[in-house]
Amino acid sequence: MLLTITRHPVLTRILGAAATLLGVAIFVFIMLRAIPGDQITAGLGTEAAALTPDQRAALEAYYGLDQPLLVQFFTWLGNIFTGNLGFSSRAQESVLDLTLQSLPVTLELALFSIVLALLIGIPLGMMSASKPDSPRDAVGQVVGLAGLSVPAFLLATALLAILASSFGFNPNGQAFARLFENPALNLQQMLLPAIVLGFGIAAPIMRTTRTAVLEIRSNDFIRTARAKGIPPRRLQVKHVLGNALVPIVTMTGLQFGYLLGGAVVVEQIFSLPGIGRQVLLGIQQKEYALVQSTVLVIALSFVLVNLFTDLLYRIIDPRVRAA
Amino acid sequence: MYGGTRAKRAGFAAIGLAATFALALTGCSPTSDKAAEPAAKGGGSLVVGVTSDPDTLFPWKATQFQAVNVLQNLYGTLTEFDEDLKVVPGLAESWEVSEDGLTVTLNLRKDVTFADGSTFGSEDVKSSLEKIKDPATAAVSASSLASVASVEAPDEATVVLTLTAPDAALLANLAVVNMAMLSSDDTEEALNKTPNGTGPFVLGERVASQSITLDKNDDYWGDTALLDSVEFRVIPDESSIVSAMQSGNVQMAVFDDPLVADTAKSNQLTVTETPQLSYHALQLNATKGALTDVNVRLAMQCAIDRQQVLDTAALGEGEVTGPITSPAYRSDPDARPCPERDLDKAAEYLDKAGMAGGVTVKAIVSQGEYATSTNEAQNLKAQLAEADITLEIEVLESGAYVDRWVAADFEAAIALNGGRPDPDGMYGRYFTSTGNLNKVAGYSSPELDALFAEGRQTSDPDARAEIYEKVSSELEDNAAWIWLFTSYTYTVTAANVDGFVPMVNGSLQYLRTTSLN
Numbered sequence: 001m002l003l004t005i006t007r008h009p010v011l012t013r014i015l016g017a018a019a020t021l022l023g024v025a026i027f028v029f030i031m032l033r034a035i036p037g038d039q040i041t042a043g044l045g046t047e048a049a050a051l052t053p054d055q056r057a058a059l060e061a062y063y064g065l066d067q068p069l070l071v072q073f074f075t076w077l078g079n080i081f082t083g084n085l086g087f088s089s090r091a092q093e094s095v096l097d098l099t100l101q102s103l104p105v106t107l108e109l110a111l112f113s114i115v116l117a118l119l120i121g122i123p124l125g126m127m128s129a130s131k132p133d134s135p136r137d138a139v140g141q142v143v144g145l146a147g148l149s150v151p152a153f154l155l156a157t158a159l160l161a162i163l164a165s166s167f168g169f170n171p172n173g174q175a176f177a178r179l180f181e182n183p184a185l186n187l188q189q190m191l192l193p194a195i196v197l198g199f200g201i202a203a204p205i206m207r208t209t210r211t212a213v214l215e216i217r218s219n220d221f222i223r224t225a226r227a228k229g230i231p232p233r234r235l236q237v238k239h240v241l242g243n244a245l246v247p248i249v250t251m252t253g254l255q256f257g258y259l260l261g262g263a264v265v266v267e268q269i270f271s272l273p274g275i276g277r278q279v280l281l282g283i284q285q286k287e288y289a290l291v292q293s294t295v296l297v298i299a300l301s302f303v304l305v306n307l308f309t310d311l312l313y314r315i316i317d318p319r320v321r322a323a
Numbered sequence: 001m002y003g004g005t006r007a008k009r010a011g012f013a014a015i016g017l018a019a020t021f022a023l024a025l026t027g028c029s030p031t032s033d034k035a036a037e038p039a040a041k042g043g044g045s046l047v048v049g050v051t052s053d054p055d056t057l058f059p060w061k062a063t064q065f066q067a068v069n070v071l072q073n074l075y076g077t078l079t080e081f082d083e084d085l086k087v088v089p090g091l092a093e094s095w096e097v098s099e100d101g102l103t104v105t106l107n108l109r110k111d112v113t114f115a116d117g118s119t120f121g122s123e124d125v126k127s128s129l130e131k132i133k134d135p136a137t138a139a140v141s142a143s144s145l146a147s148v149a150s151v152e153a154p155d156e157a158t159v160v161l162t163l164t165a166p167d168a169a170l171l172a173n174l175a176v177v178n179m180a181m182l183s184s185d186d187t188e189e190a191l192n193k194t195p196n197g198t199g200p201f202v203l204g205e206r207v208a209s210q211s212i213t214l215d216k217n218d219d220y221w222g223d224t225a226l227l228d229s230v231e232f233r234v235i236p237d238e239s240s241i242v243s244a245m246q247s248g249n250v251q252m253a254v255f256d257d258p259l260v261a262d263t264a265k266s267n268q269l270t271v272t273e274t275p276q277l278s279y280h281a282l283q284l285n286a287t288k289g290a291l292t293d294v295n296v297r298l299a300m301q302c303a304i305d306r307q308q309v310l311d312t313a314a315l316g317e318g319e320v321t322g323p324i325t326s327p328a329y330r331s332d333p334d335a336r337p338c339p340e341r342d343l344d345k346a347a348e349y350l351d352k353a354g355m356a357g358g359v360t361v362k363a364i365v366s367q368g369e370y371a372t373s374t375n376e377a378q379n380l381k382a383q384l385a386e387a388d389i390t391l392e393i394e395v396l397e398s399g400a401y402v403d404r405w406v407a408a409d410f411e412a413a414i415a416l417n418g419g420r421p422d423p424d425g426m427y428g429r430y431f432t433s434t435g436n437l438n439k440v441a442g443y444s445s446p447e448l449d450a451l452f453a454e455g456r457q458t459s460d461p462d463a464r465a466e467i468y469e470k471v472s473s474e475l476e477d478n479a480a481w482i483w484l485f486t487s488y489t490y491t492v493t494a495a496n497v498d499g500f501v502p503m504v505n506g507s508l509q510y511l512r513t514t515s516l517n
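Listed in order, the protein sequences are those of chains D and X.
Just so it is clear: in the first sequence, position 48 is 48 by the UniProt record's numbering, and no numbers are missing.
Just so it is clear: in the second sequence, position 277 is 277 by the UniProt record's numbering, and no numbers are missing.
Same shape as in the complex, but just chain D (with noise of 0.2 Å):
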């Protein structure tokens, strides 16, 4: 009986998880004590060397450095299943307030990307599928090429001095607008991050769905459902593209989890309060708990879009829900 429900694919699921969440947490805790430097040369930079051994002891103390490195990272974890993330020296907030402010910003920002991406990379690679090696699929598989090698920051450096030299449009030089404050200038400043970080993954996306069309047509039930006279556009969309969609849904998926993570050059360059640059920010300032914590709920966020997805597979292909 308790065999049966340790087997429960549900369970071992959510046990695989939480592994994951602990491998990611100690993997965090180590790198962060390993790169050099502390809290306290952060803060000071050279002038550390002024400190005499005695102040050095005191802000030891007030950073709770002095405490031995199991103890610190069983106090963290500790305080993780209290909902208690840490506290923010530089921003003198907790790190739950960080992030209940910095996650909605970075998840905007992702859902927009992936959307535009969407829109742009699926009709493409149907369009450069319908006909291989046609010009056609050249024009796809350029800009899909264009949007792999293009890097973002030359991308939004130049979308963004352009737009503010030449027209005087630049939304992100003003203060950051939260969606549900002020929708219109929030919208705005979204939308050349978005472009930019849409046309980078609207390649992958392209690609994908490029391939999968293309195996998908050679199948023989194509062929027989053509041969039964289903209008051509029924065809594309519920017979080839329907079953196409598991890769497009898994490359869908991975790229949404990257994109949680923080696109923090996308994020420093348009000034956007994400996730990202509160794990830069914090790193830079070795605020050790801020990005302990910070990288967890990444990693959480990560796990549940690859469960999200799983659970499409389910939706959208009925021999895995048969399986």
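Incorrect hints may appear among the rest.
[Stated by the list, open to error] EDC-like, lysine to aspartate or glutamate: derived pairs with alpha carbons at most 20 Å apart:
| # | chain 1 | residue 1 | chain 2 | residue 2 |
| --- | --- | --- | --- | --- |
| 1 | X | 439 | D | 54 |
| 2 | X | 110 | X | 100 |
| 3 | X | 86 | X | 409 |
| 4 | X | 193 | D | 97 |
| 5 | X | 193 | D | 47 |
| 6 | X | 345 | X | 293 |
| 7 | X | 86 | X | 392 |
| 8 | X | 126 | X | 188 |
| 9 | X | 133 | D | 54 |
| 10 | X | 439 | X | 449 |
| 11 | X | 131 | D | 54 |
| 12 | X | 133 | D | 47 |
| 13 | X | 133 | D | 60 |
| 14 | X | 288 | X | 392 |
| 15 | X | 131 | D | 60 |
| 16 | X | 131 | D | 47 |
| 17 | X | 362 | X | 409 |
| 18 | X | 439 | D | 47 |
Worth flagging that the hints you see were computed from the coordinates, not collected in a lab.
Place chain X on chain D using the hints.
Relative to chain D, chain X alone:
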């Protein structure tokens, strides 16, 4: 393939949809910033673009440039610097130094209040100075008060400092924000959240890592600030700040990188160059390896053309310098054994050191801390190679560099160090044998100890200038380090910004006289 046309149409539809979405958004007139609206003279809100927000709001521990700039406008100090870096009265209206130089009496300004409305008085000065001296506070300026034996507050408006030895640098040392006067009731915890100072501005609003807004302090003891408020808006990328200035969202920013400043030059934006007290140097650690021999150090000095380093690493944007960079005491950059590059003389020195065959020196360099570091290293390496001196460069991430620098774990270091208005404050801590940075400086001598002690005991400005000229020669003649150049900061302002005075110490204290029209 009919399927293709369908897909293409769907593709166009999607692109069309995206375009409509984009147009709809751009079509919305961008909500204009309050700050961008023209304001009557005396008033309005200035937006300053900055790459990061303060890492602390506690003035005694702030060393980050951004934190210092914000806090300087919130807190008051006993003395202040004017635009020529002369010490002028601050919260202390006047002062007397006793004949023997051992007693300093400060007469405090009356009717000064803190932001919370409480009155500033001698008890606050006493408690502030005593707490700064206390190691448990870990205040970064503690060592500047080393000569202060006791602080007495005989009445509400008088403070008497008793010194262990005369200290001519003390009044200048009191002018930095790390010496801010805090209310005796305040704690670090409280001030980290709510600053409570006597400065020309008070904290308005802070959105962590996005912006910090200061409102003018109507109860300020001096002339009230002209601006209603100053917002330091965080735009992490410097070129994005330039874009925000071009679109009129930001009216002022300060850059270090000449390339970035160059992109900002336009009809609407003014770029002002200001020489800096901070200096680029090749620090030599005279306690390590071949560098213990003065002749090796001198050979390096002779093998380096400073102008070439400046030209190749920093586009020639700066000035070749000797040790002291403060305008009142500035060292003559040519007063050194090798004012010009002289490879023959370098060879002679190497010969004297018994290393005619060549010598290897290891140097650490920080990547990313400032724009020119690795270029300087490459150029120095190339120049020294021509004198048979091999500079082995170790490029470190900035955190790793700071760790090694702090531990004095290097033979040579390519460094950009901060300068101070007073030469004693600037180098006393490095080059006296008891200085708290002497380990990092790697050089001291009885001559320097004597000169710094003399400088501290001399209050006459001309006599002091002579003493620090000797200090400068002592450092150059022994090639304690190799001083290279000072660079500029670039203050970019929109056309409607008036009255701001950039300072050589990088201070933004003149935001109080700035206006928008």
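Verification of the supplied hints:
no.: 1; hint: X:439 / D:54; result: holds, 17 Å
no.: 2; hint: X:110 / X:100; result: violated, 28 Å
no.: 3; hint: X:86 / X:409; result: violated, 37 Å
no.: 4; hint: X:193 / D:97; result: holds, 15 Å
no.: 5; hint: X:193 / D:47; result: violated, 24 Å
no.: 6; hint: X:345 / X:293; result: holds, 16 Å
no.: 7; hint: X:86 / X:392; result: violated, 42 Å
no.: 8; hint: X:126 / X:188; result: holds, 17 Å
no.: 9; hint: X:133 / D:54; result: holds, 12 Å
no.: 10; hint: X:439 / X:449; result: holds, 15 Å
no.: 11; hint: X:131 / D:54; result: holds, 14 Å
no.: 12; hint: X:133 / D:47; result: holds, 16 Å
no.: 13; hint: X:133 / D:60; result: holds, 18 Å
no.: 14; hint: X:288 / X:392; result: holds, 14 Å
no.: 15; hint: X:131 / D:60; result: holds, 18 Å
no.: 16; hint: X:131 / D:47; result: holds, 19 Å
no.: 17; hint: X:362 / X:409; result: holds, 11 Å
no.: 18; hint: X:439 / D:47; result: holds, 13 Å
Hints 2, 3, 5, 7 from the list above are not met by this structure, while the remaining hints are.
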